[in-house]
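From just these sequences and the hints, can you work out the full model?
These protein sequences, in sequence, are chains A and B. Just so we're aligned, residue 116 is where the first sequence starts under our numbering, counting upward by one. Just so we're aligned, residue 8 is where the second sequence starts under our numbering, counting upward by one.
Everything labelled a hint here was simulated from the structure, so no lab data went into it. Any given hint could be a false lead.
[As the list claims (entries may be wrong)] Simulated pairs of lysine to aspartate or glutamate, DMTMM-like, Cα-Cα distance not exceeding 20 Å:
1) B:K57 with B:E35
2) B:K38 with B:D79
3) B:K60 with A:D354
4) B:K60 with A:D356
5) B:K60 with A:E245
[To be verified] A short, non-exhaustive set of chain B residues, derived as facing chain A with CB atoms under 7 Å:
6) K60
7) S72
8) D73
9) A92
10) L93
11) S94
12) G95
[To be verified] Quick list of simulated restraints, FRET-style, between CB atoms:
13) B:K82 with A:E345: 15 to 25 Å
14) A:S361 with B:N31: 52 to 62 Å
15) B:S72 with A:G190: 23 to 33 Å
Using N, Cα and C, we set each Cβ at its ideal position, and we do this for glycine too.
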Amino acid sequence: MDNALLTRYSRHILLPELDYAGQLKLTKSRALIIGAGGLASPVAMYLASSGVGQIVLVDFDKVEVSNLQRQIMHGNADIGRAKVDSAKETLSGLNPETEIITINRRLAEGELREQVKLANIILETTDNFESRFLLNRICVEQRKPLISGSVIRFEGQLSTFRCDLTDSPCYQCLYTETEALEETCSQNGVLAPVVGIIGSLQATEALKVLAGIGTDLAGRLMLFNALNMEWRTLKLKKDPDCPICSAT
Amino acid sequence: MAKIIFTSNLERHCHCPTKIVVGNTVIEVLKNYFSEYPAIQSYVLDDQDKLRKNMLIAVNNEIISDRVTLLDPVKENDEVFVLQALSGG
Ligand SMILES: [Zn+2]
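Okay, here's the thing in structure tokens:
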């Protein structure tokens, strides 16, 4: 890192837990973010500003005016643009040192697997169960850490699945593959900062896992309820009968 | 005897207040609760009394692993928390 970079990341480097070595790990890391909407906004903005070396953004949507209440990496002038293009401009504006790689389509399973393979960490920010179960399966198979966040109305859920570690539970140890009706933020509403809170925590977990510091949320599910401002943390065990991770 | 709490997302569908309920296992506590508040049952259990796939139950903030028989023991002053998978992003 040259002097300009040392100055840019100085408030990270000042943290003894992170230090120069931790920051260097971040600059050499590659994060894969599935989605470029509400949760992805704080996730991508904090990972970019923090100096994660490469960020891959996957999304096939265009920016709509109803997104702007919570999807804060897009602005008014971006309406009608591909979300990944709008995001790239915002993120490069925050930190030109971070390389932003955009994929403006839905990835088939094989392509998703290739992207997971290349990444050091994967962040799930989509609004559907199908994507969550598929991504979990690939992360277990490829042994990559997965940071999962979800929100609706006034509530959020967050966990880190250390699919790179043998004894850590996966998303499917928590939830069985479900045909349950999905509740999306676009149909049911969500309080904007709740998305910011959960997304910011996903980014926090990602930086910790990449730098190898602290204790992550593996084996714990965090729940947030903004209406009564309550947090609850549930312990989660690896399911010995999990069809996805029990054989690994 | 245990305290049973439902996530506020379920409260939107039907009235399910926090209550102290008699029972020595998770299923007993649930069934005793449903006898007083029957409308919530179908959101939590399927027609074979198995936990629905999008639901989770924690006893004293530990997620129970037996989703089928729900026979995990419940002691005096335990807390049973019922929650739902969220998919929004
Ligand atoms: Zn598993």
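Grab the minimum C-beta distance from S94 (chain B) to chain A and call the hint holds if it beats 7 Å, violated otherwise.
holds (5 Å)
A closest beta-carbon separation below 7 Å is what the hint needs, so does A92 (chain B) meet it against chain A?
holds (5 Å)
Is the interface hint satisfied for K60 (chain B)? The criterion is a beta-carbon contact with chain A at less than 7 Å.
Hint on K60 (chain B): holds, closest Cβ of chain A at ~4 Å, below 7 Å.
Tell me if the interface restraint on L93 (chain B) is satisfied: Cβ within less than 7 Å of some Cβ in chain A.
With a closest approach of 4 Å, the L93 (chain B) hint holds.
Verify the proposed pairing of K38 (chain B) with D79 (chain B), using a straight-line Cα cut of 20 Å.
holds (14 Å)
Between the alpha carbons of K60 (chain B) and D356 (chain A), is the straight-line distance 20 Å or under?
holds (15 Å)
CA of K57 (chain B) to CA of E35 (chain B), is that 20 Å or under?
Given pair K57 (chain B), E35 (chain B) holds - Cα atoms ~13 Å apart, limit 20 Å.
Go ahead and decide if the range 15 to 25 Å is satisfied by the Cβ distance of K82 (chain B) to E345 (chain A).
Holds, at about 24 Å.
Supplied contact hint for D73 (chain B), tested at 7 Å Cβ to chain A:
Constraint on D73 (chain B) not satisfied, violated at 10 Å.
Would the pair K60 (chain B) and E245 (chain A) pass a check requiring their Cα atoms to be no farther apart than 20 Å?
holds (14 Å)
Using the C-beta atoms of S72 (chain B) and G190 (chain A), is the stated range 23 to 33 Å upheld?
violated (46 Å)
Closest C-beta approach of S72 (chain B) to chain A relative to 7 Å, hint status:
holds (6 Å)
In this structure, the earlier hints numbered 8, 14, 15 are contradicted, and the remaining ones agree with it.
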